[in-house]
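Given the sequences, and given the hints that come with them, work out the whole structure.
First to last, the protein sequences are chains A and B.
For the first sequence, this note's numbering begins at 1 and goes up steadily by one.
For the second sequence, this note's numbering begins at 1001 and goes up steadily by one.
A couple of the hints might just be wrong.
Pairs of lysine to any residue residues, derived as SDA-like cross-links and limited to a Cα-Cα distance of at most 25 Å, are as follows [unchecked claim]:
#: 1; chain 1: B; residue 1: K1405; chain 2: A; residue 2: Y16
#: 2; chain 1: B; residue 1: K1405; chain 2: A; residue 2: E61
#: 3; chain 1: A; residue 1: K19; chain 2: B; residue 2: I1348
Which stretches of chain A does chain B cover? Using the computed rule of at least three CB atoms under 8 Å from a CB of chain B, they are [to be verified]:
#: 4; segment: 13-19
#: 5; segment: 43-51
#: 6; segment: 54-61
Distance ranges between label pairs, derived from CB positions [as the list claims (entries may be wrong)]:
#: 7; chain 1: B; residue 1: K1405; chain 2: A; residue 2: P65; range: 46 to 54 Å
#: 8; chain 1: B; residue 1: F1080; chain 2: A; residue 2: D72; range: 44 to 52 Å
#: 9; chain 1: A; residue 1: V31; chain 2: B; residue 2: D1401; range: 52 to 60 Å
#: 10; chain 1: A; residue 1: E52; chain 2: B; residue 2: F1080; range: 28 to 36 Å
Source of the hints: derived by calculation from the structure; they are not laboratory data.
For every residue, glycine included, the Cβ atom is placed at its ideal position computed from N, Cα and C.
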Amino acid sequence: MSATLDRVIDQIKNVYANKGATPPALSSESVLGPEIGLESLDLAEIVVRLEEEFGNDPFAEGMVPNIRTIGDLSNLYG
Amino acid sequence: MLHQTIERIANADAQRLCVTRGAETRTYTEALARSGELASSWPAQMRGRVGVFMPNGPEMVAALAALDVLGSQAFLGSPFWSGEERTSAAEIYALDAWIDDDDASAVRILTETIAPSSSGAVTIFTSGTTGAPKAARHTWASLASPVRVSTRFEASNWLLAYPLHLYAGLQVFSQAIFNGASLHIPADAEVDSIVNALVDRRVQYASATPSYWRRILLTGDADKLATAPLEQITLGGEPIDQPILDRLANVFPSAKILHIYASSEMGRILAVDDGLAGFPASYLDANPESGVSLRIEDGQLLVRSEHRMSGYDDRCPVQTDVSGWFSTGDLVEVRKGRVYFVGRESEIINVGGNKVSPLEVEEVVRSVGGVADCRVFAVSSSIVGQMVGCEIVLDEGASDDDVRKAVAAACAGRLTPPQRPRKLQVVESIGLSIAGKVVRS
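Structure representation (structure tokens):
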């Protein structure tokens, strides 16, 4: 796993912790959404946390490709 | 009216203390003498429209009395305004002169001649708005109208924690001076100085924002605080939650605890002394504060008040008719026969279209063990516009990790997903504005 992916997954785990939930097994192929217990606001929270972690917010900078998996998300920061 | 009152008290009791700040003291006799000195030495411009940008202190009290005897129109602004802000206010409101710092004899003259003044006024710049500050025009008579005059207040000791240029400060000032009491100003804004003023000056009546009280209880010397002879504690300026009322009742068991709701425009609106947050819904039919009526429209509290200002100054860019129902901008909810403040309309956080009141979130976070204080604010989000952020101050000895987990669990259990803080930071202290209120922007 890349260092960026590790950091992204760590931040996603923090989102679970913040709602008092235990994260499932997460990998680059995990589909972001209800399948892994994430609501739409959780995704917004992930983006806020990743901005703190990486210092930039690709979503604020305009066009982003379709993001389905954790791997897709990680690529935006890597 | 102010000058006459000071003169009357000085004549009745030459040694009565009028105002102190730290170790400085001034009796009513000395305040009268200083105000006479200022009134007779000031240039003619001081009879016109005068900016007062002074810090709380004996000199400001003397200056206000001198302006009153001259029939000037005083415009009270913050001593922390920059030169640019003062100049801007001076231009908008056509000030003839201003005084600042702690020396009212150093006058900054702005005009060559002055327009004749019709009558004296005390105009307050309202805080917290964007753009040019609005100027709410009062007189000493309108400021004194909610004052309770009683012999029990005579020669009593009052804490002045609010800046004197704001309505809350003028209210404490009026309540003290028009009763011939003594006002005590802490030497500086440090908690130790506030505790010293409370204890060393034997303060019986103290009024401040809940945030200010939280700060005192959190970091003040508890043993010393317990010796403060407080008879009445008043909270105002921000919505009051139950935990702060309970904590104050616990620390000061013999003090009466009162909370007041007031505004620069409408004056004193209501007071509650039953130890509970919010106010009884029966106030909507019959408010015990005489001359003030209340109603709720679209979740907002509307007020009609006899204590109101006479109007915004004629030069104020915003003009509102205040003789009828006035929109306070404060949002309320009625639950089980009680009306609760849920925040300022302007402070609501919009999380993807869901309106979140910072106060409702703070109430949950503050109830968690290990949390001494907290502040909720908007965090900008590229996905949903805004999300909820929260800063917390830990109780002494509390573990950062444990408290974070407990806050997360409490919020997950008691708040909806849009209400839950998505960014949680542990900080040393919560920043307060000059008015002693939490800053959310």
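Tested hints:
| no. | hint | verdict |
| --- | --- | --- |
| 1 | B/K1405 - A/Y16 | holds (11 Å) |
| 2 | B/K1405 - A/E61 | violated (33 Å) |
| 3 | A/K19 - B/I1348 | holds (22 Å) |
| 4 | 13-19 | holds (count 3) |
| 5 | 43-51 | holds (count 6) |
| 6 | 54-61 | holds (count 3) |
| 7 | B/K1405 - A/P65: 46 to 54 Å | violated (36 Å) |
| 8 | B/F1080 - A/D72: 44 to 52 Å | holds (49 Å) |
| 9 | A/V31 - B/D1401: 52 to 60 Å | violated (30 Å) |
| 10 | A/E52 - B/F1080: 28 to 36 Å | holds (31 Å) |
When the structure is compared with the earlier hints, violations turn up for hints 2, 7 and 9 and for no others.
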